[in-house]
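Chemist: Sequence:
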Amino acid sequence: MSKKDLKENKEKKNKDLDSEKPETDKRARTLKLFSVFSVIILIVIVLFVNIIFDKIIGDKLTFDYSATNQNSVSEVTKNYLDSLPADTSIRIVGLMDKPTNLKDSPYEYIVPLLDDYQAKSNGKITVEYMNPETYPSVIKELDPDGMYDLTANTFVVKCNDRVTTISPIDCFTYNSEAMSYGQYVPTGNAVESHFTNAIVSLTKDYSAKAYFVTGLQMIEQTHQQMTNILAALSIDSGDLIASDNFTIPEDCDLLFVCSLDSDITESMAVAMEDYLNAGGKMIVSVGYSPYNTSDDFPHLNQVLNMMNLNIDNYVISENDVSRLIDPSYNYNFLGEIDAGYSSYAKSSAVRVASARPVREYDTPYSYIQVAPVIVTSDQATVVIVNPTTQQATQFANQGVYNVGMYSTFDGMEVPPEVYVFGSDTFTSDSYISDFGYNDANVVLMRNIIRSLVATDDSVFVDAKPLSDYSIDSTKVTANSVTLMTVILMVLLPIGFVIVGTIVYNKRKNL
Numbered sequence: 129m130s131k132k133d134l135k136e137n138k139e140k141k142n143k144d145l146d147s148e149k150p151e152t153d154k155r156a157r158t159l160k161l162f163s164v165f166s167v168i169i170l171i172v173i174v175l176f177v178n179i180i181f182d183k184i185i186g187d188k189l190t191f192d193y194s195a196t197n198q199n200s201v202s203e204v205t206k207n208y209l210d211s212l213p214a215d216t217s218i219r220i221v222g223l224m225d226k227p228t229n230l231k232d233s234p235y236e237y238i239v240p241l242l243d244d245y246q247a248k249s250n251g252k253i254t255v256e257y258m259n260p261e262t263y264p265s266v267i268k269e270l271d272p273d274g275m276y277d278l279t280a281n282t283f284v285v286k287c288n289d290r291v292t293t294i295s296p297i298d299c300f301t302y303n304s305e306a307m308s309y310g311q312y313v314p315t316g317n318a319v320e321s322h323f324t325n326a327i328v329s330l331t332k333d334y335s336a337k338a339y340f341v342t343g344l345q346m347i348e349q350t351h352q353q354m355t356n357i358l359a360a361l362s363i364d365s366g367d368l369i370a371s372d373n374f375t376i377p378e379d380c381d382l383l384f385v386c387s388l389d390s391d392i393t394e395s396m397a398v399a400m401e402d403y404l405n406a407g408g409k410m411i412v413s414v415g416y417s418p419y420n421t422s423d424d425f426p427h428l429n430q431v432l433n434m435m436n437l438n439i440d441n442y443v444i445s446e447n448d449v450s451r452l453i454d455p456s457y458n459y460n461f462l463g464e465i466d467a468g469y470s471s472y473a474k475s476s477a478v479r480v481a482s483a484r485p486v487r488e489y490d491t492p493y494s495y496i497q498v499a500p501v502i503v504t505s506d507q508a509t510v511v512i513v514n515p516t517t518q519q520a521t522q523f524a525n526q527g528v529y530n531v532g533m534y535s536t537f538d539g540m541e542v543p544p545e546v547y548v549f550g551s552d553t554f555t556s557d558s559y560i561s562d563f564g565y566n567d568a569n570v571v572l573m574r575n576i577i578r579s580l581v582a583t584d585d586s587v588f589v590d591a592k593p594l595s596d597y598s599i600d601s602t603k604v605t606a607n608s609v610t611l612m613t614v615i616l617m618v619l620l621p622i623g624f625v626i627v628g629t630i631v632y633n634k635r636k637n638l
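Counting in this note's numbering, the sequence shown runs from 129 upward without gaps.
Derived by calculation from the structure, the hints in this document are not laboratory data. Hints may contain errors.
Said to hold, decoys possible - Label-pair distances were calculated between CB atoms; the ranges are:
#1 625 <-> 295: 44 to 54 Å
#2 257 <-> 373: 19 to 29 Å
#3 203 <-> 332: 17 to 27 Å
#4 203 <-> 350: 24 to 34 Å
#5 303 <-> 264: 35 to 45 Å
#6 453 <-> 512: 21 to 31 Å
#7 173 <-> 211: 36 to 46 Å
#8 332 <-> 526: 47 to 57 Å
#9 256 <-> 352: 23 to 33 Å
Built from N, CA and C at the ideal position, the CB exists for glycine as well.
Put together the whole structure using the sequences plus the hints.
Modeler: Now the structure itself:
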């Protein structure tokens with residue numbers, strides 16, 4: 129073959145190759161474009177289906193398997209909602225835009241739970257979010273007379289013309305020590321407790337009234353936690369300020385005299401004696417603090433002596449090491465609940481801190497019946513502190529001391545009843561905030577209140593621990609298992625097969 133023929137063949141071959149390139153490139157581009165558009169269409173379909181499913185049946189596809197039911201209302205709440213008349217209408221309005229970024233915010237616990245309230249109420253509860261800046265008329269709509277001072281970033285619960293408000297920050301218990309430094313360290317989730325209490329208070333009348341004596345504390349004490357506990361028992365509450373003109377209202381079913389740093393006045397003692405003689409009920413708690421080491425509380429003891437009880441000006445030192453909360457500190461220990469009150473408690477031991485001994489007085493009347501409620505071990509002693517030098521002297525009189533006692537009168541149709549505690553760990557807000565509503569001390573106090581005031585129709589929702597992501601397998605129901613099985617084993621594989629078939633047929637025809 130000549131050089132000329134070789135050159136012609138080479139040119140022809142190159143020409144043939146050049147003629148094939150456009151066709152190959154066209155097929156490649158078509159395949160790429162189809163793949164890209166397929167992915168985009170698939171993403172759009174997934175998003176569209178997800179949005180539609182979430183709007184229509186999202187709640188039905190949500191399952192709370194957490195051990196602490198963070199996003200679910202309890203059976204107590206559900207049963208109460210079921211007991212309300214069918215025409216009950218309760219509005220829960222968040223005066224804010226609906227929070228969407230829930231993680232690490234209080235709304236992480238509030239928003240999903242409110243959704244569950246609405247879902248479980250059979251139409252009796254509606255949950256809305258209306259920002260007053262966007263909808264200025266919402267404040268006037270909820271509170272036409274301006275009685276409740278509604279503000280943004282709070283929740284309003286309304287039933288008929290009755291309104292109450294809940295602040296998100298109040299839906300948790302906090303470490304009291306951190307709060308003294310201006311820091312809020314949550315210790316418990318009380319969201320459901322607050323909202324259910326609000327619903328209960330709006331849908332039925334209070335059955336009783338309790339009062340707190342205030343104005344005798346060196347540092348202003350709040351009793352919001354005790355107020356919440358009382359509200360859950362359908363007991364309204366108010367304050368009585370200590371004064372020489374002190375009177376106890378006729379509607380007082382229970383009187384709290386707690387966390388005193390100074391004694392009541394003589395006129396207050398007379399008013400309390402008259403109250404008890406008329407069948408009144410009292411809860412007294414006076415711990416040993418740096419502010420009251422020099423106070424024997426003679427006027428308060430005047431009232432208690434009438435019930436054959438007395439609070440002594442000592443502090444109990446527990447010497448049984450097995451009972452000490454801190455082995456190096458004998459004044460914080462576990463007190464033992466007397467057998468007569470074991471049914472009131474969730475455990476046989478309660479926390480005691482800086483306690484005064486409570487003892488039987490020497491009133492010689494047989495109709496007065498007294499009983500121990502909380503006692504120390506037989507190794508305890510008492511210590512007296514010099515208020516000037518703060519030096520302690522430990523007595524040698526080792527034995528069992530009473531941290532709490534009960535007294536009543538026999539033979540009366542409506543007898544007086546008094547519970548006296550030498551420690552503030554049963555009534556103080558700081559204690560309840562630190563340890564929560566499920567603590568043994570709080571359970572004991574709640575049952576004592578029940579025994580003093582008729583609260584058969586009470587509704588109480590326990591606080592929940594904070595985030596617990598452990599799964600409780602007992603909550604996995606047959607329906608949820610069936611639904612998830614259908615989705616994972618049937619619907620998703622079918623979807624993949626359909627998409628794969630379409631792509632295969634398209635590629636085959638290219």
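Chemist: Each hint needs a verdict: does it hold in this structure or not?
Modeler: Hints versus structure:
| no. | hint | verdict |
| --- | --- | --- |
| 1 | 625 <-> 295: 44 to 54 Å | holds, 53 Å |
| 2 | 257 <-> 373: 19 to 29 Å | violated, 48 Å |
| 3 | 203 <-> 332: 17 to 27 Å | holds, 19 Å |
| 4 | 203 <-> 350: 24 to 34 Å | holds, 31 Å |
| 5 | 303 <-> 264: 35 to 45 Å | holds, 38 Å |
| 6 | 453 <-> 512: 21 to 31 Å | holds, 22 Å |
| 7 | 173 <-> 211: 36 to 46 Å | holds, 45 Å |
| 8 | 332 <-> 526: 47 to 57 Å | holds, 52 Å |
| 9 | 256 <-> 352: 23 to 33 Å | holds, 27 Å |
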